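Asks: Sequence:
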Amino acid sequence: MTDPDDIGALLGADGPFARELPNFAPRPAQQVMAKAVQHAIAECETLIAEAGTGTGKTYAYLVPAMLSGERVIVSTGTKALQDQLFFRDLPKVRSVLGARLKTALLKGRANYLCLYRLDQTVREGASFDRNHASQLAAIRAWSARTRRGDRMELAEVPEDSPLWLRVTSTPENCLGVECPFYDDCHVVAARREAQEADLVVVNHHLLFADLALKQEGFGEILPGAQAFILDEAHQIPELAGQFFSQSLSARQLTELAQDALAECSGITGAIGLVLEPVEALQEAVRKLRLMLEPLPTRGPFHELLKRDGVRASLHEVAELLATLTDVLASQAERSRGFMNVHERAASLTERLDRIIEEHSEQDVRWYELFPRGFALHATPLDLAAPLRAMRERTHAAWIHTSATLSVAGHFDHFARQLGLDDPQTMSLESPFDYAQQALCYLPEGLPDPAARDYTERVIDAVMPVLHASNGRAFLLFTSHRALRRAAELLADRVPWPLFVQGSAPRHQLLEEFRASGHGVLLGAASFWEGVDVAGEALSVVVIDKLPFAAPDDPVLQARLEALEQAGINPFMGWQVPSAVIALKQGAGRLIRDVHDRGVLVLCDPRLTTKGYGKLFLASLPPMPRTRDLGQVQAFFEHVSQMPSSCEM
1 MTDPDDIGAL
11 LGADGPFARE
21 LPNFAPRPAQ
31 QVMAKAVQHA
41 IAECETLIAE
51 AGTGTGKTYA
61 YLVPAMLSGE
71 RVIVSTGTKA
81 LQDQLFFRDL
91 PKVRSVLGAR
101 LKTALLKGRA
111 NYLCLYRLDQ
121 TVREGASFDR
131 NHASQLAAIR
141 AWSARTRRGD
151 RMELAEVPED
161 SPLWLRVTST
171 PENCLGVECP
181 FYDDCHVVAA
191 RREAQEADLV
201 VVNHHLLFAD
211 LALKQEGFGE
221 ILPGAQAFIL
231 DEAHQIPELA
241 GQFFSQSLSA
251 RQLTELAQDA
261 LAECSGITGA
271 IGLVLEPVEA
281 LQEAVRKLRL
291 MLEPLPTRGP
301 FHELLKRDGV
311 RASLHEVAEL
321 LATLTDVLAS
331 QAERSRGFMN
341 VHERAASLTE
351 RLDRIIEEHS
361 EQDVRWYELF
371 PRGFALHATP
381 LDLAAPLRAM
391 RERTHAAWIH
401 TSATLSVAGH
411 FDHFARQLGL
421 DDPQTMSLES
431 PFDYAQQALC
441 YLPEGLPDPA
451 ARDYTERVID
461 AVMPVLHASN
471 GRAFLLFTSH
481 RALRRAAELL
491 ADRVPWPLFV
501 QGSAPRHQLL
511 EEFRASGHGV
521 LLGAASFWEG
531 VDVAGEALSV
541 VVIDKLPFAA
551 PDDPVLQARL
561 EALEQAGINP
571 FMGWQVPSAV
581 IALKQGAGRL
591 IRDVHDRGVL
601 VLCDPRLTTK
611 GYGKLFLASL
621 PPMPRTRDLG
631 QVQAFFEHVS
641 QMPSSCEM
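Sequential numbering from 1 applies to the sequence shown in the UniProt record's numbering.
Simulated from the structure, these hints should not be mistaken for lab results. Incorrect hints may appear among the rest.
[Claimed, not checked] Label-pair ranges, simulated between beta-carbon atoms:
#	residue 1	residue 2	range
1	89	297	18 to 24 angstroms
2	480	381	26 to 32 angstroms
3	410	481	45 to 51 angstroms
4	266	165	20 to 26 angstroms
5	393	189	25 to 31 angstroms
6	564	276	47 to 53 angstroms
7	189	368	33 to 39 angstroms
8	127	381	47 to 53 angstroms
9	262	297	30 to 36 angstroms
10	42	266	54 to 60 angstroms
11	89	368	34 to 40 angstroms
12	445	568	31 to 37 angstroms
13	353	389	44 to 50 angstroms
14	491	276	50 to 56 angstroms
Nothing here was measured: the structure is a model prediction, and the numbers come from that model. Built from N, CA and C at the ideal position, the CB exists for glycine as well.
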């Protein structure tokens, strides 16, 4: 009989998981991690657990979380992973453990059907084309049968369909308790379930949105918990920057103006007061965007202010927004809708004033330009302080896990970014036999990555590998420009199906790539992580350059300057560690299970010509390396005869 208090034994060869789950393989690393998570929850400690691919980290944190008797929030990197965790992994673990605890799935409100806005859209009878009319009909039919209202249930309406914007709500346009559909609201139901649950599965966007709102005193979506478990935790530093920023966009101002006009319907005399300030604000926003036209698509705020007339134009927008806010205040008591738009206007006024006027040394002020709009931001220079304060307020255990958190075995970079003081750390190696399953190929003769013909030379170096593998490859690029150039070069050179990021939705490209059997897929940023193609369909991963962050990022520039002033080498102290973690993510696409075989092609010559190249190579799984194309060809010739020395 297995001791229920012995987490390691539960996950061991004689435990209930091995007995009851087909294909479950006991893994010592999984058992070690489970014990560490159990201890961290019990002692309210901070833990960083790097768990290599195939370790089984999901069960390693779910088992102790479900046995802890405490309230636990599990946060994942993506909504897809969130669904996988809730609908596939959680039920299995709960069944094996016989655990009687309430679990809940909670997403941001944009994921839930809003019955009021659906009703409005249908009543408006807008002139939709045939495709959108068909999608609206599908949404209406689904609305009658769905219990959760989670749009992921309705696969026949694409995730990027503009109709979703019409039939979901935002914090700004939600009517709250005064909504006629409040009793049947899917967002309210999901939050109520979460408040009553022992274990809640969220995603990082929702977690940080909620914690950032809590900080400002707006109340909390997620109830207090004894433990927060963050999976795919390598994403946290970048996401935290978004949620601790003050931001304002042209789109927010335009939508406010449109919604203010819409509220005038049926309110006597309102249009006469609202129309003029709304039109003036819309014109000022349009004029400001035209003034910004010659600027780069993103940059520091001071570059924006150098342009003639921009400072005055910004102040004009601020004054007109303040005027509209005052007008809306005079109408706020006349309807719930007017009260809502007044509150939004007041919030945006305050935000714009802070971004324009405040010159805090703690913030980096910057801008972004879009084809028809712009966004202004103030981002904290150092995220460690607000993240540390956020964790301290929870009085909970914080467990951070991912396959990619360390740099050459050290966690200093990740811990410094998050303000983690003296955390418990552990690094668990993958059970895969990389010495037998993989080969790392470093092509010779490639020029400096800054060379004008670098992408052409990369493709020349990669073609013999693709012929040896018969396609079956991911080519990952650090820029969309290089990706587009590679797509042009390969269009007439490869006999295999070619899949290019941007030509179809990401999930569709991946499905078609898997089905093709011999495809070649070209991807940039979003394909470097969270993509799982096990088996022979993917046997080569090519990475064109070391993934250093874009040097024109104004927030990065300011952080590097601050590090330099503090006496830290910004390149070795920040840029290299961040790039190492990104490279590990890309390389991690190659070997996904015990039967996979494949070649990792790292094209960047700096891996062997620069001293810091050793750090990158030391951070990768322990696979043999070669510069000899013949060894790559031999690998694929003999791959079917290669024995697997790694049993799961």
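Asks: Is the distance from the Cβ of residue 42 to the Cβ of residue 266 consistent with 54 to 60 angstroms?
Replies: With a Cβ separation near 59 angstroms, residue 42 and residue 266 satisfy 54 to 60 angstroms, so the hint holds.
Asks: Given a hinted range of 47 to 53 angstroms, is it respected by the beta-carbon distance of residue 564 and residue 276?
Replies: holds, 51 angstroms
Asks: May I ask you to test the hint 31 to 37 angstroms on the CB atoms belonging to residue 445 and residue 568?
Replies: With Cβ atoms ~36 angstroms apart, the hint holds.
Asks: Within 20 to 26 angstroms or not, the Cβ separation of residue 266 and residue 165?
Replies: holds, 24 angstroms
Asks: Using the beta carbons of residue 353 and residue 389, state whether their distance is inside 44 to 50 angstroms or not.
Replies: violated, 24 angstroms
Asks: Lying within 26 to 32 angstroms: is that true of the beta-carbon distance residue 480 to residue 381?
Replies: holds, 28 angstroms
Asks: Look at the Cβ atoms of residue 89 and residue 368 and judge whether their distance stays inside 34 to 40 angstroms.
Replies: holds, 37 angstroms
Asks: Could you tell me whether the CB distance from residue 127 to residue 381 stays inside 47 to 53 angstroms?
Replies: For residue 381 against residue 127, whose Cβ atoms are near 49 angstroms apart, the range 47 to 53 angstroms holds.
Asks: Quick check on a hinted range of 45 to 51 angstroms for residue 410 and residue 481, using CB atoms only.
Replies: Given a distance of about 33 angstroms, which is not inside 45 to 51 angstroms, the answer is violated.
Asks: A range of 25 to 31 angstroms was offered for this pair. Does it hold for the Cβ distance of residue 393 and residue 189?
Replies: Distance hint for residue 393, residue 189 holds at roughly 27 angstroms.
Asks: Does the Cβ distance between residue 189 and residue 368 fall inside 33 to 39 angstroms?
Replies: holds, 36 angstroms
Asks: Determine whether the Cβ-Cβ distance between residue 491 and residue 276 falls within the hinted range of 50 to 56 angstroms.
Replies: Holds: the Cβ-Cβ distance is about 54 angstroms, inside 50 to 56 angstroms.
Checked against the numbered hints listed earlier, the structure breaks hints 1, 3 and 13; every other hint is satisfied.
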